[in-house]
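Asks: Got chain H; can you put chain U on it based on the hints?
Given next are the chains, with one letter for each unit.
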Amino acid sequence: MDIYSILFWVLSVMAVGCALGVILSRNPVNSVLFLILTFVAISGHYILMNAQFLAVVNMIVYAGAIMVLFLFVIMLMNLNADVEPQKGQMVQLAGVISGGVLFLIILAALKTAATIEVNPTSTDIGLIGNLGKVLFKQYILPFEISSVLFLSAMIGAVVIGKKEPGQDLPRSEEKAVQQ
Amino acid sequence: MPVTSLHYLFLSLLLFSIGIMGTLMRRNAIIIFMCIELMLNAVNLLLVSFSKMYGDADAQLFVFFIMVVAAAEVAVGLAVIVMMYRKVHSVDINILNRLKH
Numbered sequence: 001m002d003i004y005s006i007l008f009w010v011l012s013v014m015a016v017g018c019a020l021g022v023i024l025s026r027n028p029v030n031s032v033l034f035l036i037l038t039f040v041a042i043s044g045h046y047i048l049m050n051a052q053f054l055a056v057v058n059m060i061v062y063a064g065a066i067m068v069l070f071l072f073v074i075m076l077m078n079l080n081a082d083v084e085p086q087k088g089q090m091v092q093l094a095g096v097i098s099g100g101v102l103f104l105i106i107l108a109a110l111k112t113a114a115t116i117e118v119n120p121t122s123t124d125i126g127l128i129g130n131l132g133k134v135l136f137k138q139y140i141l142p143f144e145i146s147s148v149l150f151l152s153a154m155i156g157a158v159v160i161g162k163k164e165p166g167q168d169l170p171r172s173e174e175k176a177v178q179q
Numbered sequence: 180m181p182v183t184s185l186h187y188l189f190l191s192l193l194l195f196s197i198g199i200m201g202t203l204m205r206r207n208a209i210i211i212f213m214c215i216e217l218m219l220n221a222v223n224l225l226l227v228s229f230s231k232m233y234g235d236a237d238a239q240l241f242v243f244f245i246m247v248v249a250a251a252e253v254a255v256g257l258a259v260i261v262m263m264y265r266k267v268h269s270v271d272i273n274i275l276n277r278l279k280h
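So the sequences go chain by chain: H and U. Residue numbers for the first sequence follow the working numbering, beginning at 1 and rising by one. Residue numbers for the second sequence follow the working numbering, beginning at 180 and rising by one.
One chain only, chain H, in its complex shape:
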C-alpha cells in the first residue's frame, strides 16, 4: 500500500461516514457540520488528483460560503432544537431500499467496466493558469452566460425574500397549527 492508496482510503471513509452523519443526525446544525467535513474530504480527493484550483474553490465556495449560509438560515429560524417530526418507519425504510437498489444496480452494471489506474504523477492541468487559459479561450460564452445567471439569481433571491407589506399571517399560522 503506497501513500496514495492510504490517503485515498482514509479520505473515502471520512467522506462516506460524514455523509451518513448528515442524513442520520437529528440536529440540523450537526448535519451542516458533517456536510462541511464531507466537503473537506472531497477537497482532499481533489488535491490527490492534482486539481488544486478546484480544491481551493471547493473549500472557499462550498465549505466557506454556502455552508455558512445554511448555518445562518438554521440559526435564524431557531431550528437547532430537535423539533422535526419523523417520517413513518415504512417511508424511511422505502427510502433506504430505493437508494440502496439504485446503488446496487449501477454497481452491478459498471462492475466490469474498464479500469484505468489513476496515475499519481503530478500534472499541471489542474493548475489555475492552465484552467484559466482553457476557460477564456474555449468556454468564454458559458462564462459570460453564468454571470447573467448569477445576476438573475441575486435579483430573484432579493425579490423572493422581500417582506410583503401588510402580511401578518394570522391565517397561515392557524393552518400550521391545524396540520
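Errors might be hidden in some of the hints.
[Claimed, not checked] DSS-like mimics (lysine-lysine), calculated; alpha carbons at most 30 Å apart, straight line:
id, chain 1, residue 1, chain 2, residue 2
1, H, K111, U, K279
2, U, K279, H, K163
3, U, K279, H, K162
4, U, K279, H, K137
5, U, K266, U, K279
Simulated from the structure, these hints should not be mistaken for laboratory data. What you are looking at is a predicted structure, and each value in this text was computed from that prediction instead of being measured.
Replies: Then chain U, alone, in the frame of chain H:
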C-alpha cells in the same frame, strides 16, 4: 491494490446514493436541500476523476460551472425556504401538500 478509476466511480456512486436516501428519508426542507448539495458534489468528484484519467482539463471546467450553478441555486432555494418559514412557521415539507386536496 492500486487506486483505479472504478474506486472513484463507486465512491461517488455511494455518496450519490446516500444523498438520495437522505432526500427520501427526511422531512426538514433544509436537510433535503443539503442532500442535493451532497449529490452535486458526488458528481463533481466523478468528473474530476475522469479529468485525471484522460488528462483533459474540460471536465474540471464543467465542475467549475456546476459550482457556479449550485451557488446560484442555493441563494434562490434558501430564499424560498425562508419565505416558506415566514408563511407557515415550519420547514416541514409535509405541510406543503395543498395540491393534493
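Asks: Would you mind marking each hint as holding or not holding in the structure?
Replies: Tested hints:
{"no.": "1", "hint": "H:K111 x U:K279", "in the structure": "violated (42 Å)"}
{"no.": "2", "hint": "U:K279 x H:K163", "in the structure": "holds (28 Å)"}
{"no.": "3", "hint": "U:K279 x H:K162", "in the structure": "holds (28 Å)"}
{"no.": "4", "hint": "U:K279 x H:K137", "in the structure": "violated (50 Å)"}
{"no.": "5", "hint": "U:K266 x U:K279", "in the structure": "holds (19 Å)"}
In summary, the numbered hints that this structure violates are 1, 4.
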